[in-house]
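Dock chain one against chain two, each of which comes alone in its own frame, and use the hints as you go.
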Amino acid sequence: MDFDFSDDQEQLRDAVRRWVDKAYGFERRRAIVAGGGFDRAAYGELAGLGLTALTVPEAHGGLGQGAVDAMVAMEELGRGIVLEPLAQTFIATGVLARCAADAVQAAWLPRIASGAALVVLAQQERKARYRLDVCESKAASAQVGYALTAHKNIVIAGDQADAWLVPAQLGGAIALFLVEKGASGVKTQGYGLQDGGRAAELQLTDAPATLVTQDGLAALELAQDIGIAASCAYAVGVMDQTVRLTADYLNQRRQFGVPIASFQALRHRMADMKMQLELARSMSYYASLKLGAPAQERRQALSRAKVQLGQSMRFVGQQSVQLHGGIGVTDEYIGSHYFKTLTQLEMTWGDTLHHLGEVSSRMQETAGVFA
Amino acid sequence: MDLAFTPEEQAFRDEVHGWVRAHLPPEISHKVHNALRLTRDDMQGWARILGKKGWLGYGWPREFGGPGWSAVQKHLFEEECALAGAPRIVPFGPVMVAPVIMAFGSPEQQRRFLPGIASGEVWWSQGYSEPGSGSDLASLKTRAVRQGDKYIVNGQKTWTTLGQYGEWMFNLVRTSTEGKPQTGISFLLLDMKSPGVTVRPIRLLDGECEVNEVFFDNVEVPAENLIGEENKGWNYAKFLLAHERTGIADVNRSKRELERLKRIAKREGLWDDLRFRDQIALLEVDIVALEMMVLRVLAAQKSGRNPLDIAGLLKIRGSEIQQRYAELMMLAAAPFALPLIHEAMDAGWQGDFPGGDAGLAPLASTYFNLRKTTIYGGSNEVQRNIVAQTVLG
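Chains as they are written, first to last, in numbering that gives the first Met the number 0: chain H, 0 to 370; chain E, 0 to 392.
Source of the hints: derived by calculation from the structure; they are not laboratory data. Since the model is a prediction, treat every value here as computed from it, not as a measurement. Do not rely on the hints blindly, as some may be mistaken.
Stretch-level coverage of chain H by chain E, calculated; a stretch enters the list once three of its residues show a Cβ under 8 Å from a Cβ in chain E [as the list claims (entries may be wrong)]:
no.	region
1	15–25
2	269–275
3	284–298
4	303–311
Here are a few chain E residues that face chain H, going by a calculated C-beta distance under 10 Å [stated by the list, open to error]:
no.	residue
5	223
6	276
7	392
Here are the computed lysine to any residue pairs in the SDA-like style, where the Cα-Cα straight-line distance is at most 20 Å [said to hold, decoys possible]:
no.	chain 1	residue 1	chain 2	residue 2
8	E	265	H	356
9	E	301	H	356
10	E	301	H	0
11	E	371	E	161
12	E	237	E	51
13	E	51	E	90
14	E	265	H	363
15	E	301	H	3
Built from N, CA and C at the ideal position, the CB exists for glycine as well.
In isolation and in its complexed conformation, chain E is listed as follows (with noise of 0.2 Å):
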């Protein structure tokens, strides 16, 4: 046992500490740090940087481009990428979709899609939940009919991320009614601009338009867009869940958030105040906790000897801290968290925030928009169902 990296993982990490330093524009990180409204062009413009390096696709094997890189490295790189003050990668088009591309893809599409994927030049987004379909996901009704060389289909998703900017949507349809729900679902790739495709944003409780609902109207799909075999998209879907592994506990972003929180902490005058002080000892802890549970998963699966299944609780664990953090920091502003000035969320903002200081503007937004955090990905209570039925069966 040694909880030190190795001096290979270290001058890694040292490569990408300096490379992304240098590359991540400041007036990006600027934003980041300070929970700031990011727009199209900063994510994307973040997105094109990496995929000239060739790292957007930084989960990708050598044979479709990407750098092939171990799961502790990819670990560093989104820590560096988090501690810097980068977006985070918006994961659909390469962290979710692409690989389900690679394992599932015929080569056609994978020369077809992927390219553009790894550059950052086509905005994926995502076609799981319907409104009557979120936890119960295999309940799904948007129907996908099969006429000749294409598809037709009708039906509506619905919290698709960021779906507004979307140019292509991977989506999971309904292709047949017979049997269990779970095998007549197909896994589609669509076209947002065809005809039909309506996109709605949805306004969230923080005032913000983060998710929409995509309306499908009788949308023509070409059949040549269908991944893998036709009612095999459960399958594909599962492949792709097991592939999201450590990341979603975000341990890198709220490592960079508490330092934040301890920024704002000071600055109003809290650091020391024990009661206060005491709350982010606490959360400190909680981090440093989860962390190691994250480093473990890594090194379990570094050496392939001890496999952990342990990703549900990182999932729930990490969600909880989020939303904690954001809380202690709403709650450091005290009343000044209170007003509701939207455009004090934006970079370069230059009125009068009540009490002076524009920078809490944002930390009650942040506070309602993390609720998300233990209802999306599978929400905290499926986690739970999932994690005990490993140790009771």
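Isolated chain H, as found in the complex (with noise of 0.2 Å):
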């Protein structure tokens, strides 16, 4: 049992954390947003960083690291709510080095650990809510590969994509297929988010694809699991980061001739956000640590941490708005972003019932609470 970072993780964190600092500024970041909520140039950055190449394999031109790697990286981001999406890498990276045949990753997995290939996964139905095994999207073996007939709505970066990995039905079930850029019959139209980022409507009319995987349900068990496990570190750090921002403020706003944070019913607020921080980030470790464990245990404890990580998103959230009175909703302050992060964020990957839903139903009758 060990909770250290090893030196080269720590090494990783200062890095990102210095790019954050230095090149990701707030100015930068509303550029970004008012230019459409993704800036390939940053992205090129974060490819620059390694971050793109974190987890892929090295045979495959990446630098082989876990999900701890991951979290770090993801941590720093969620500081400075970076906007371009590297929880998509870390999905399409791993989903592909999993599940796809050889010839697939050998074609796709050098690119995305360049940054040359934005991979992003194209799964929402209109009718799923947050569902993974509801697909109306369908798939027909074509002469060359597959031909996909779909239309997958908030598709994170649709439309600044290279590829898409998209389910379909295929034979009765759902299987995963790779979609590219350029194929005939593939629309997109593009839109904002309430963070700031950018999402695409996807429609897909007897589109050219790759198949990945014929048991696309666990590979989007995968997708999804790697998907929470990178939300709830790089919400750990919007968390982390907007409790400093508000015990900033209390510090030094002044009302009745004394600074806020002299206020008991305040600092008791600020105590609970900070436990709703250190149970989030104890679940993320938890988190990350399950990505590796068999299928069943892994789907178990990544819906235990986004349940504790959408309360603890909820409540900081909310409560950093609360504490910081009229300016924590104006746009023009930088906390208010951080809130909405933290709000897209809860909805994302299942919302905190569907996972209690689904650690409910795998409840054990026995404790089986052991990490």
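Laid out in structure tokens, this is it:
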């Protein structure tokens, strides 16, 4: 049992933190949001830091690092509410490396590692809510490979991606495919999200596709769990910074002739925020450390983590706005953007109620809570 | 980072597991697993069994006859005891006063008091709170006046847990009214059989007498029973508080009680009631999160690299969780939690319980009893002040 970071991990943290502090300030972020919510140059800078290669196997030009390294990177990106979706890169990497044939891996992983290709998951459909097993998209065998017909919603950076991982029905089960930008029958329409990031509708009409795996549901569960772990880590960074911003504000804002940090009602709220932050951090560690466990155990653990994170994010976000008073609800203050990010994260990869249902239905009759 | 215990730690756990299961009397673990009333003999009996093995002072260093375990080993020991259904070790002797005697007592005091604590022969009580001094402990007024080679003690302590069994008592007493309140306090060991000591049990809302008032009327205490220096007692008390660390979260016991909650929910036909089941699931997540937080603190102690200042959080969260499982257990029993039959909480009771399941008898009692957890050991509001201090300065 060991919760220390290795020297390499500490160096990684420092490098990402320095980049966020120096290169991803509020002004640049604001410009990226105004420009649509995704900046390929910024994504390239993440690649320059080695982050897109972080979890790619060495055999495919990556650094071959694990979930804890990914967690460290995500925490630091969260601290600066960086919009470029590195979580999607970890998902694509994990799914391709674990589920795809060698040729597909060899074709895509090196390009993902270098940052040349952004590959994102396109799984959301209108009727699915947070369920992974609801999928109306259809795949059919074509002369070469497969042809997909699908309408996917809220695909992160969907009109900026170079390829999509798309689940679709094939012979009575969900399979996972890869569709490339520029293929025939592909249409995207981009838009902004509440957190300032970018998503798109993806419409496929008999679009040529490569099979990633027949066992699409297992791959989707893995994708979701990698996504949860990354979101948890990112959220810890966001909350850590939110608590810091709020503490600074309470110490600096004066009313009734004293800093408002002297009022016990506010101090106790701050203590409760710290509680939620540390519970969340604990469960973020748990999430990343359980990512390599067998599927059943992994699923249960990641849902537990998301239940904790969901509650923590809502509390920390809402209370931060409240403790800031009027300034907390303005667009010009950075804190409101942290709050919106936390809100969106709770509704990403399944909200608190959804995962509580997962935990509940998987609950063992014995204690079964041992880490 | 690694969630798994090392092979050595796992082997240690296995050893403790085997020993505890072999030596814990089944009639005692039956009581603990079913929240039945424990007698003084149950508690002290287990203490003596541990004492014989040398594990009652499980946090003690080797130089004082302890096993010299690491923080992780202590945690594993506590966990194995809790899961096996062992009574909680009454902490006042082995966990609380002993470390103070080791750190600040004279060699003579160490020779005199530590063996009786280590063996479980001598029952210790704690004399801290007073009627006018709860959260504001430093305002305590129990007076000890030096007269030659003894102190004359007058005043009153309260909330003295299990003080009705106490033989010795460690007390914070006022020896000076000069300067700040904290600087006039001394740490005094007192024989509870001394003339002038009166112990009056306080009946609590669950009908049990778990705590007491202790009155001192011109009690003579030999000056040799003073720990360390006069007027330095507050420092020793703070040292003692720092000693409590992760145990205060009581996560191991909560894990055991979560299992019991699930058993009760099943028996009451609630396992497939999703509204109730989701509440259990939420509690399970809370317990996993608390356990992870405890493990983080232990790991930090083990490596010494990144000390974590979150003890206040452990106390707050741990106590809230204890209250929650008790609440859910009581709610699970529906109106059958309501009959108040004191004898039904004794093991072996053969009477008729309304509805026929006497196992439900202690649930409301436990719920009422555990309201104490957010009050004692520094109320959760005081803990929040401490946590806020670390965030806001």
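Exercise for the section: Run the structure past the numbered hints and jot down the numbers of the failing ones, going up. Expected result: 1, 5, 9 and 12
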